[in-house]
Amino acid sequence: MSQTMIRDAIPAADLMTSGHLACPGCGAAVAMRLVLKALGPRTIVTLPACCWSIIAGPYPQSSLRVPLFHTAFETGGAVASGIKAALEMRGDTETTVMAWAGDGGTFDIGLQALSGAAERDEDIIYTCYDNEAYMNTGIQRSSSTPWGAWTTTTPGNHPKTHPKKDIMAILAAHRVPYAATASVAYPVDLMEKVKKARGIRGTRFLHILSPCPPGWKCADEDSIRLARLAVQARIFPLVEVEHGETWRLSMEHAGSPVEPYLRMQGRFRHLADEQISQIQADVDARWRALERRVAASAG
Amino acid sequence: MKKVMMGNHAVSQGVRLARAEVISAYPITPQTQIVEELSEMCSDGRLSARFIKVESEHSAMAACIGAAAAGARAFTATSSQGLALMHELLHWASLGRLPVVLADVNRALAPGWTIWTDQNDTLSQRDTGWIQLYCETNQEVLDTTILAFGLAEEVDLPVMLVLDAFFLSHTSEPVDVPEPEQVDRFLPRREARYKLDVNDPRAFGALTRPDVYMEMRLQQQGAMSRADGVLGRLETRWRELSGRSYGAVEAYRAEGADLLLLTSGTITSTARHVVDQRRNRGEAVGLVKVKMFRPFPAARLRRILSRAAKVAVLDRNISPGHGGIFAEELRSALYDLPHGERPAVFGYVLGLGGRDVTPEVIGDVVDRTRRASKPERMDLWEGVCA
Amino acid sequence: MPEGIPPISISSTTTLENRTGSWKYIRPVYRDRVAPCNEGCPVGIDIEGYMNLLREGHADAACDLLLRENPLPATTGRVCYHPCEVACNRGHLDGAVSIRAVERMLGDRALQRPPPPSAQASGRSVAVVGSGPAGLACAYHLARLGHAVAVFEAAPEPGGMLRLGIPDYRLPLSVLEAEIGRIRSLGVEIHCGVRLGRDMAWKELEHFDAVFLATGAHRSRSLELAGEDVAGVESGLDFLRRVKLGERPEVGRTVVVVGGGNTAIDCARTAWRLGAAPVVLYRRTRAEMPAIDEEVAEAQREGVAFRFLAAPAGIETRDGRLVGLTCVRMALGEADASGRRRPSPIPGSEFFVRADTVLTAIGEEAGTESWPEGIGVTNGGVTVTTMGATTLDRTFAGGDVIDQPRTVAHALGSGKRAALAIDARMRGEGAGSSVDEAALRYGRLGNVSMTRWRADDPISRNGATNEVVPFEDLNLDHYGSVPRHEIGLLPLQESRSLAAEVNPGLPRDLALEEAVRCFNCGVCNQCDLCMIFCPDLAISRRADGTGFSIDYDYCKGCGVCNAECPRGAMAMTREGL
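Protein chains in written order, with this note's numbering: chain E, 128 to 426; chain R, 1328 to 1713; chain D, 7 to 583.
Bound conformation, chain E alone (with noise of 0.2 Å):
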């Protein structure tokens, strides 16, 4: 196929309604959406505190056709877990139960509920969108917030000193039966993750990168663009994890320079040429210790 033909590939029917309150341009919608319509109706969705706590719409609205939980920052593993083990004392075992936490929600502040319910390996998708700093309070740092970019608490002057935290290795650890990463650029390898997923029992982890146009300060128009090249420059690999140990790539990464992504997006506006070199380097150095997991668990 010379061009992405996806119509066949991706049902119709959406889980979700219009008139919610992303950002114009927001990734975060574009993943829910795209992981509902993997998953189907028979999905219960908690959501710990983050942009989708508004996105998903005031009282008495909702978002989504899905039954939805909003549940406090740092809950969303656990909750999910007490979702499911009641549904299935009451003895439905197909519903999916999926958690779906911002980046703060996951790699900060819901990390230990995450870690517990990956190390029971509760049957649940844990799924987080990842717009690489806490967006809905106003675009503060996270854990998630990448190495050199500037946030209303890294300023300009001295941006962000401390790469982002390597949240695929730590689920890896765990040895949950399925992790991926996405990105909503790539809907199609989106989609079947999820499905994918949907089909295996125990902990499934996936991370979707989501471009933020006002935190990231790129036009609204660019969010799915930044979300495909983050994946070309290999700043973001598409893979997937089965039991923490055999690493695959989804598909062929173009190894593009990262300085057009950077450039894009005026987080990273203050960066010098130097700095830029040394991201590239680092992004380098991870991709190259990537490929040789994926060739270890090839091997």
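You may find that some hints are simply not true.
[As the list claims (entries may be wrong)] Listed below are the simulated SDA-like cross-link pairs for lysine to any residue, each with C-alpha atoms no more than 25 Å apart in a straight line: (1) R/Lys1380 - E/Asp248; (2) E/Lys292 - E/Thr373; (3) E/Lys322 - R/Arg1529; (4) D/Lys209 - D/His197; (5) E/Lys344 - D/Thr579; (6) R/Lys1380 - E/Met295; (7) R/Lys1380 - E/Ile327; (8) E/Lys292 - E/Asp248; (9) E/Lys344 - D/Leu482; (10) E/Lys344 - D/Tyr31; (11) E/Lys344 - D/Asn481; (12) E/Lys344 - D/Ala577; (13) E/Lys323 - R/Asn1526; (14) E/Lys344 - D/Asp479; (15) R/Lys1380 - E/Gly329; (16) E/Lys322 - R/Asp1524; (17) E/Lys344 - D/Ser28; (18) E/Lys323 - R/Asp1524.
Hints are computed from structural coordinates only; laboratory data are not their basis.
Position chains R and D relative to chain E; hints supplied.
Below, chains R and D without anything else, positioned relative to chain E:
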């Protein structure tokens, strides 16, 4: 069938009989035996429940919230630091109107590290919207565990059942264990009014604007105000079934007393003994036991206490900077009684951190209260080395 | 307690209550544009359109769309110089779509199908003079528009240059005849052996409502050197005509062809097939050669030698027999009017080239002997408007008699323009042309579209504009690199035949893959990407299958749809806000 068991195991037995469906807990002394026993029950089939062995009390409450939201009967147990860690989610359970039942073994808060009893852990959660029931005996613990589920599910509020560390939790007493069939008739399977249901998809807990938030709070308050009556009706049924009931407030030898002791938890048993002694000596001393702290049974207390001249409140807790918490609550409950009917409230802070409250200590409270013409401006600390 | 407020925050409605579309300050619209191939095609074919139909599995509909504009697709699919492929945006990525091969596949398929339908008879009649590609195109389009057409051809058989100038190994006669047969089956009468001005007077055409003049350009330009009439020196066109008519001339070993156009290449390759070792002498370089690139490459494959920057300066004879040419080396100077650098001889650079035969192919001129009296002439061609109207009433002209590039495609295009103008004139009851020419053309530079003229486009379009989509407006992220299918030629040892078609085209499956390679520039092909990526679920498919609707009540104007549209078929606008 009567069995000798510790208070912790009385909780476990109550949970088993109530057929909790989802249990989630994290170990903490002196509660741990509750969940150890429940683990045994789940694994040997005595109880059909999913036990989620979480990594923190916070997650324990979160899991219970999720389970209750999905329609299941959920239980957890904790103490002290654990309860404090749950604090945020205690609000969530109550405002979400989720009938989770929590057993808290009262343990004082650190530092310094302590495992012994006082009520500051549970009373710190006074405003989280939980019904709080304080128990005096292991039998009451078992019965109250079952009652708690019935109460919670009828008013859609979570219930905290409270027992003293060691004095109940690790103390063996004979306990009559009802037959499962009896309890099943009393407490059928939970049918949630609202639940997560793929056939009726709704969002729970979404952003709530100022124009409706208060109305929801008011309904929470309304449910609280119904709890006393509902507990009474449940106890009536329970008495028919088991021959036992306790009441939100119990008056013991209070008739004609000019001095009433007001207690909660195991201090009550010691106080009963002191009251008996004093009555035998002809002193008009009586006792009021407060089982239900939230909702606060103000009307009942006004009715009982308006006939006494003095009330001595024994508080195994302290609100630093103010005083004993039961005493404060009582003062505010009595404030609108007409002058002349309003007894003088003498507050005594004692027994913190597990310090023993002996008959002698309570006797001293009686004597000091009798001697005093009016309460001190600050509650008195009883049994403290100066 | 206020009525209806539940005890908890529980939903009872959806976010559809929020008209979040009010947030936007700019909005997307579907705005179909024109693919550069369409604009680049002198015939004026909706190439993008048939590519999309093919990709969608509607091969017959693709044939029909093609036949709306091009009466001879099996022919042009073989011989066209395919400027469409030069214009193709895919050329900037990984190689232009093999448009000509796809057209050929469709053209061959169309010959297996019944002829296309014609409109109801108009009662009008048109005379077409000349049956080359221009005349055939004009006749075909007029017939399909419901007019009676009589074609008058001087030669014994119809086809003009297609029949007499293009060798069989490029265009088998059977293909041409089949395509002419389709035109005949539309009711077009072709009278051969009738030369206007000789066999028939122009006056005899007066009863026709209109006349189309397309007698072509058959007169080879002279080298203007002494000895050009010596045996062994022949015009390339005469040589090709003789071979086409079945002669097998003795050309000797060394055949020198003078010229750089398609006639020159045809001559050289024909001579090779007759056993010669041809040399092409061209006064500019390879880059300036007007011949079709592939033809030159194929000639080189066949061993045809090229001497660039060389021009004949004298015809050398010995004993009245041709022995060769004296040539002079040329240097390229300033660009001339055609944009090509003008060659000039280098003094003293003369050299000798041996030749058994010299074939001249430095251009053709129109013969004026068959032109009606009094017709206006400009630069040696019939004076015409852009729609083909001559200075004479009811008289139109096209093909090589007018001043335009002498290609089959241009001839077909001029025939179509004239047919359209004639149709307009007749429908307009004699009032002048009422054609909005600019609106009928693909883009600014393309030819007119018969589909647009008939206003019965089978392809649904959204807010179509006549802008051409530049490469920069495509979103290449949605196209993987898929190299163009190169066409495998007949093996060299089998190619030395005058009859064997040297270019077999692409097999059907590979031609289909080429159609899939098509970007569908500028036209929504319902790939769904806009709908899938819309964060606000504001885009939906129309129930009638004609494309998408944007619900502006919910569209926040983020522009993701427009940014992600692979083919530049959307735009952001402040209109209506």
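Checked hints:
Under the criterion of a C-alpha separation no larger than 25 Å, the hint pairing lysine 1380 of chain R with aspartate 248 of chain E is consistent with the structure, at around 11 Å. Our distance criterion of 25 Å between C-alpha atoms is met by lysine 292 of chain E and threonine 373 of chain E, whose separation comes to about 21 Å. Annotation: proposed proximity of lysine 322 of chain E to arginine 1529 of chain R holds, straight-line Cα distance about 23 Å (limit 25 Å). Straight-line distance between C-alpha atoms of lysine 209 of chain D and histidine 197 of chain D comes to about 17 Å, which keeps the hinted pair within the 25 Å bound.
Our distance criterion of 25 Å between C-alpha atoms is met by lysine 344 of chain E and threonine 579 of chain D, whose separation comes to about 22 Å. Restraint check for lysine 1380 of chain R and methionine 295 of chain E: satisfied, since their Cα atoms lie roughly 24 Å apart, inside the 25 Å limit. Distance restraint check for lysine 1380 of chain R and isoleucine 327 of chain E: the Cα-Cα separation of roughly 22 Å lies within the 25 Å cut-off, and the hinted pair is therefore satisfied. Taken as a hint, the lysine 292 of chain E and aspartate 248 of chain E pair is honoured in the structure, with Cα atoms around 22 Å apart against an allowance of 25 Å.
Proximity of lysine 344 of chain E to leucine 482 of chain D is assessed by CA-CA distance (about 24 Å); at most 25 Å being required, the pair is judged to hold. This hinted pair checks out: lysine 344 of chain E and tyrosine 31 of chain D have alpha carbons roughly 18 Å apart, not beyond 25 Å. Restraint check: the Cα-Cα separation between lysine 344 of chain E and asparagine 481 of chain D comes to about 22 Å, which is no more than 25 Å; the hinted pair holds. Pair hint lysine 344 of chain E plus alanine 577 of chain D holds up; C-alpha atoms about 23 Å apart against a cutoff of 25 Å.
Distance check on the hinted pair: lysine 323 of chain E and asparagine 1526 of chain R sit about 24 Å apart at the alpha-carbon level, within 25 Å; holds. A hinted pair counts as satisfied when its Cα atoms are at most 25 Å apart, and lysine 344 of chain E with aspartate 479 of chain D qualifies at roughly 23 Å. Simply put, lysine 1380 of chain R and glycine 329 of chain E have alpha-carbon atoms about 15 Å apart, close enough for the 25 Å limit, and the pair holds. Distance check on the hinted pair: lysine 322 of chain E and aspartate 1524 of chain R sit about 21 Å apart at the alpha-carbon level, within 25 Å; holds.
Straight-line distance between C-alpha atoms of lysine 344 of chain E and serine 28 of chain D comes to about 22 Å, which keeps the hinted pair within the 25 Å bound. As the CA atoms of lysine 323 of chain E and aspartate 1524 of chain R are separated by approximately 24 Å, the hinted pair is consistent with the 25 Å bound.
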